[in-house]
Amino acid sequence: MKEQELMLVEVKAQKTNLTALINKLQQQSITEGKKVAFSASLLAQGFGTIGPYNDNRVTNLVFRHVITNIGGAYNPQTGGFTAPVKGAYHFELHACNKDGSGPAVMLVKNGFQVISVWGQKASFISASNGATLLLNARDVVYVRLYEEYSIYDNEDHLSTFSGHLLFPM
Amino acid sequence: MKEQELMLVEVKAQKTNLTALINKLQQQSITEGKKVAFSASLLAQGFGTIGPYNDNRVTNLVFRHVITNIGGAYNPQTGGFTAPVKGAYHFELHACNKDGSGPAVMLVKNGFQVISVWGQKASFISASNGATLLLNARDVVYVRLYEEYSIYDNEDHLSTFSGHLLFPM
Amino acid sequence: MKEQELMLVEVKAQKTNLTALINKLQQQSITEGKKVAFSASLLAQGFGTIGPYNDNRVTNLVFRHVITNIGGAYNPQTGGFTAPVKGAYHFELHACNKDGSGPAVMLVKNGFQVISVWGQKASFISASNGATLLLNARDVVYVRLYEEYSIYDNEDHLSTFSGHLLFPM
Numbered sequence: 001m002k003e004q005e006l007m008l009v010e011v012k013a014q015k016t017n018l019t020a021l022i023n024k025l026q027q028q029s030i031t032e033g034k035k036v037a038f039s040a041s042l043l044a045q046g047f048g049t050i051g052p053y054n055d056n057r058v059t060n061l062v063f064r065h066v067i068t069n070i071g072g073a074y075n076p077q078t079g080g081f082t083a084p085v086k087g088a089y090h091f092e093l094h095a096c097n098k099d100g101s102g103p104a105v106m107l108v109k110n111g112f113q114v115i116s117v118w119g120q121k122a123s124f125i126s127a128s129n130g131a132t133l134l135l136n137a138r139d140v141v142y143v144r145l146y147e148e149y150s151i152y153d154n155e156d157h158l159s160t161f162s163g164h165l166l167f168p169m
Numbered sequence: 170m171k172e173q174e175l176m177l178v179e180v181k182a183q184k185t186n187l188t189a190l191i192n193k194l195q196q197q198s199i200t201e202g203k204k205v206a207f208s209a210s211l212l213a214q215g216f217g218t219i220g221p222y223n224d225n226r227v228t229n230l231v232f233r234h235v236i237t238n239i240g241g242a243y244n245p246q247t248g249g250f251t252a253p254v255k256g257a258y259h260f261e262l263h264a265c266n267k268d269g270s271g272p273a274v275m276l277v278k279n280g281f282q283v284i285s286v287w288g289q290k291a292s293f294i295s296a297s298n299g300a301t302l303l304l305n306a307r308d309v310v311y312v313r314l315y316e317e318y319s320i321y322d323n324e325d326h327l328s329t330f331s332g333h334l335l336f337p338m
Numbered sequence: 339m340k341e342q343e344l345m346l347v348e349v350k351a352q353k354t355n356l357t358a359l360i361n362k363l364q365q366q367s368i369t370e371g372k373k374v375a376f377s378a379s380l381l382a383q384g385f386g387t388i389g390p391y392n393d394n395r396v397t398n399l400v401f402r403h404v405i406t407n408i409g410g411a412y413n414p415q416t417g418g419f420t421a422p423v424k425g426a427y428h429f430e431l432h433a434c435n436k437d438g439s440g441p442a443v444m445l446v447k448n449g450f451q452v453i454s455v456w457g458q459k460a461s462f463i464s465a466s467n468g469a470t471l472l473l474n475a476r477d478v479v480y481v482r483l484y485e486e487y488s489i490y491d492n493e494d495h496l497s498t499f500s501g502h503l504l505f506p507m
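These protein sequence lines are chains A, B and C, in that order.
The numbering used here puts the first residue of the first sequence at 1, with every later residue one more than the last.
The numbering used here puts the first residue of the second sequence at 170, with every later residue one more than the last.
The numbering used here puts the first residue of the third sequence at 339, with every later residue one more than the last.
Excised from the complex, chain A in its bound form (with noise of 0.2 Å):
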């Protein structure tokens, strides 16, 4: 009977040692698993500029063609990124412009500008920036126009927004 008894101590050793495994490994994959990237281009078709305006309107940009958006946490009809999970996200940027009047855009996250990128006022300029942010969950991240500055698109989606989760946090 020691035996048994030896076994049943084994037994329910390993029990308790698989669920936790099982446990840890559901929590990480909650987490881990998590798919979020999108890529959007300014205009839904055609072609044209948006900008420049000199009235002090805040101008937040919406790339309406989605080229990309798994998890959906990019809104192309609002231009905002909601973080779904705390996490490191990879941003950037591409601006383009054509009539001289100068690409310039920044990152906002949650109201705040984070970085920008500026271009030469000439035509057909194409300026570029990026950035990691850890956001935590429901952070909005877009896109704001400067004043005075305008950007460019077309059917070749020239002005482009990307992002995506590096890892969660």
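These aren't lab readings, by the way, just hints derived from the structure by calculation.
Owing to the predicted nature of the structure, the values given are computational and were not obtained by experimental measurement.
Heads up, some of the hints might be wrong.
[Said to hold, decoys possible] Computed list of lysine-lysine pairs in BS3-like fashion (alpha-carbon distance at most 27 Å, straight line): (1) C:Lys340 to B:Lys193; (2) C:Lys436 to C:Lys424; (3) B:Lys267 to B:Lys255; (4) C:Lys373 to B:Lys204; (5) C:Lys340 to A:Lys24; (6) B:Lys204 to A:Lys2; (7) B:Lys255 to B:Lys193.
Based on the hints, put chains B and C in the right spot on chain A.
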């Protein structure tokens, strides 16, 4: 004997759980462990300009200097990147031009233009764009030069094409 | 007793499997769970231009304004990023210039130039490049200014250096 029967049931249940867990983890590592990333610059050596061409030819660019090619999905003989698994892939293009003909290239997926970058027709222009694409296994992505535009590179590796798997789907 | 002996064999086999699985998962989480990502802009505060210098000095740029530094691999006192583990790392440079001397910087790995970005000698030029590098643990990556070129930044954070671990190797 009743205790022994219960223990037998328990041991069998644990075996089933453990086997299922091991199988699931093996499947995950086949897809989630996939490591795919490349960077290449245009010229194998020296310096030079490709284009401008005005004769309706299709010029797929071959970035011949391999900086990184983990997973071997980028082919430096053809310029094509072939997705090894279905997933979200991030690509970026950086095009430099020296002689004033302007850098202009497009990212092409299975023969269709996805995004583009145009630069000013002035000397020493650098222009960039990037996007995340959802690719099926065996989808092919490459970079194409626009007619009447050109791209320059030298041993400083100014014109580059990079991509990597963000996550499998 | 025969049934009990078989069960004992079974219990021992499961224990071996479970222990091996737990060990393997612990090793994976040490490398795969590694979280490394940084973004920094050039100036700690205010605005200004670094360069142009024409005296053969080597000017490693120190991006002093830390936007993100998860894992602490980027050193904002030296400008150097030191790889904590062997792996594939993605880097990007965005260089702005205001005064017409042109932005031109290179990405340097262990003292050797890897890629570069040159911008036009005109005012308000933004130029970008990026690449994925395979680094060994303790490899050092930083950004160096070209002679006769300059880089500008202000509190809009126009000139940035970012990098992150894609996956360990």
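Hint by hint, here is what the structure shows:
no. : hint                 : verdict
1   : C:Lys340 to B:Lys193 : 33 Å, violated
2   : C:Lys436 to C:Lys424 : 38 Å, violated
3   : B:Lys267 to B:Lys255 : 38 Å, violated
4   : C:Lys373 to B:Lys204 : 16 Å, holds
5   : C:Lys340 to A:Lys24  : 36 Å, violated
6   : B:Lys204 to A:Lys2   : 51 Å, violated
7   : B:Lys255 to B:Lys193 : 19 Å, holds
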